Amino acid sequence: MAALDFERLVEDYYMPLYRFALSLSRKESDAADLTQQTFFLWASKGHQLRDKSKVKTWLFTSLYREFLGRKRQQDRFVDAESTAEVISAQAIPATVVDQLDGDIVQRALLDLDEAFRAPLTLFYLQQHSYKEIAEMLEIPIGTVMSRISRGKDQLRKVLAESAGLRNSDSGGRTNG
Amino acid sequence: MDEQQARLILQVYRSGGQDQNDPHFFAALQETERNPQLAQWFADEQAFDQAIADHLERMPVPFGLETRILANAGRTESRASRWLVGLATVAALLFLCAQIISIWRNPTSAAGALPDYSREMVSFVRIPPPLDMETNDLGKIQGWVAQKKRFSVVAPPALASLEPVGCRALSFRGHDVTLICFHRDGNRLAHLFVVDRAALPQLKPGQRPIFSTVGEWTTASWAQGGHVYMITVQGDRAAVQSYLPSA
Chain A
1 MAALDFERLV EDYYMPLYRF ALSLSRKESD AADLTQQTFF LWASKGHQLR DKSKVKTWLF
61 TSLYREFLGR KRQQDRFVDA ESTAEVISAQ AIPATVVDQL DGDIVQRALL DLDEAFRAPL
121 TLFYLQQHSY KEIAEMLEIP IGTVMSRISR GKDQLRKVLA ESAGLRNSDS GGRTNG
Chain B
1001 MDEQQARLIL QVYRSGGQDQ NDPHFFAALQ ETERNPQLAQ WFADEQAFDQ AIADHLERMP
1061 VPFGLETRIL ANAGRTESRA SRWLVGLATV AALLFLCAQI ISIWRNPTSA AGALPDYSRE
1121 MVSFVRIPPP LDMETNDLGK IQGWVAQKKR FSVVAPPALA SLEPVGCRAL SFRGHDVTLI
1181 CFHRDGNRLA HLFVVDRAAL PQLKPGQRPI FSTVGEWTTA SWAQGGHVYM ITVQGDRAAV
1241 QSYLPSA
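Chains as they are written, first to last, in the working numbering: chain A, 1 to 176; chain B, 1001 to 1247.
Pulled out of the complex, with its shape left as it was, chain B reads as follows:
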């Protein structure tokens, strides 16, 4: 084996050492022990490869992607495992019953779903999602919601005064969620989520909004009629507070 052949082979030798037991590389690796020039080239090559691999390892992945994958694909179970899903459903029902009893006994401890809802919805809008309907006419959006979801969405006045971008239908734990996006200051958006109150039964009409923080985002949630409304903005509590009904 000459040096050129050894280089060609060693160029695909992974710098993490995963190929050390692959016989394809044995002869070329032995050649590096006999040829100092080749050995130096190989050391440089491995250092370069590792530097690129390290950069690739640090390449950012969109926040919330894992949640989206689990939310979208996880529902489509394979046929082979449906019996397992059946068992899981029974277990989930038992768990649900236990939760309902727990909630009935101690209503103040029932805030479990709201943090999950806030996190999941924020993760969804961190990267502006494609919308089902794009329009700057709030009336058209309200008409779309009334037709598709059969309820009248009431945007808080401060939010309704902003220019709408559009709307989209989502799902949270089997409950329909309606998302309406508005332009706010600069290029940033404010998001209004509306979900059936059955999804978040711990929120009661008349209660003050509940705030939560998800990274750089703040959410405010309150119950109104048969629905739970949530405003989400990138910013602090004051930013979201300015859009609330009482503001």
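One chain only, chain A, in its complex shape:
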């Protein structure tokens, strides 16, 4: 890829990739490192990708695989799908979320169970459809839908607590 194209690619995607990496690693230094490594991989292997319309998916997939590779070296991966706490979601109005401090929302996203963090962050980055998220994370579409749904429930609960809302105040909420 020509230098100019590479610069454009970095400019277009380094921020969403960093935010995705931060949701995975939960450490700014690791997220920056993962983002750099992803572009390094693109610079050295990107030419192997024949369908250039898949560049975005390739970058996010490569970052996710890099994260998993590093994580496997650190500890055994635990599939939180089966261990995640079942949470009763709470109603938290969007206006309340709007007014919450950015750090609180960021912390709430980073505190989600690992199984929910990746699909939910990709969903909220709004760059990928649920089908693409399934492809990137190499999990079935139904699992993506389920994890996004349950991740939202968990996020609502954390945000409701941060906003000082309680079950009795909100009347509870079900999301199917």
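Hints are computed from structural coordinates only; laboratory data are not their basis. Some hints here could point you the wrong way.
Unchecked claim - Just the calculated beta-carbon pair ranges, DEER-fashion:
| no. | chain 1 | residue 1 | chain 2 | residue 2 | range |
| --- | --- | --- | --- | --- | --- |
| 1 | A | Ser44 | B | Arg1173 | 19 to 29 angstroms |
| 2 | A | Ser29 | B | Arg1173 | 18 to 28 angstroms |
| 3 | B | Gly1226 | A | Asp51 | 48 to 58 angstroms |
| 4 | A | Arg50 | B | Ser1152 | 48 to 58 angstroms |
| 5 | B | Gln1020 | A | Asp51 | 23 to 33 angstroms |
None of the values given here were measured: they were computed from a predicted structure. Glycine included, each C-beta is placed from N, C-alpha and C at the ideal position.
Since the structure of chain A is provided, determine the placement of chain B on it from the hints.
Then chain B, alone, in the frame of chain A:
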């Protein structure tokens, strides 16, 4: 399709409207037109999703990350584009020749690389970087530099009186850069960068230090022997001036 099924499907419908042409959602969206309760739920869900997406969009990204990516990964060009790189190299050489002629004709206009150098080095230390060697012994650091880089780094006395943290090797446009970090007041650091003078030929020994500001950071650069030294601190000109050789 019942309401529960519609909710499950619509939960992954992006609030930015990117999925409006995806047939997977058509039936569920039609259901919202028939079911006011579902429509209200969907409106709330979309507002919540958009609020979170907006927060995520505002999540800060480390300053200088883009520069680091371009500096590190940009050097590894793909095999398929090497001929393009070759052309770019020829163009760069021509540009370099033009620059050299320009510098020769008008030496005062040759300060181009220094601002880039200042910005890039500041962006590197804004987030304390991992160091190649961590020690509070300046002698060990000087020994490391002498062994690895084959020159004797001379820290200004005011800086040398601080407790060192460690050092690291960097690169700027193909030139080796040595970074030495020192503890200063509080938890803040002072950074000394040393690069071969060929990287910044416009700086001549004996000239007064050149100051520059990069956000909240101030740098002071001067030539000494065959190298250019640069001190960088988070603070104003007075903060950096106190560490200069003449201070």
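Evaluate the given range 18 to 28 angstroms for the C-beta pair formed by serine 29 of chain A and arginine 1173 of chain B.
holds, 25 angstroms
Is it true that the C-beta distance of serine 44 of chain A to arginine 1173 of chain B lies inside 19 to 29 angstroms, as the hint says?
holds, 21 angstroms
Indicate whether the distance between the beta carbons of glycine 1226 of chain B and aspartate 51 of chain A respects the range 48 to 58 angstroms.
holds, 51 angstroms
Do the Cβ positions of arginine 50 of chain A and serine 1152 of chain B conform to the proposed distance bound of 48 to 58 angstroms?
Check passed, 53 angstroms falls within 48 to 58 angstroms.
Take a look at whether the Cβ-Cβ distance between glutamine 1020 of chain B and aspartate 51 of chain A falls inside 23 to 33 angstroms.
Taking Cβ atoms as reference, glutamine 1020 of chain B and aspartate 51 of chain A lie about 24 angstroms apart, which means the hint holds.
Taken one by one, the earlier hints all hold for this structure without exception.
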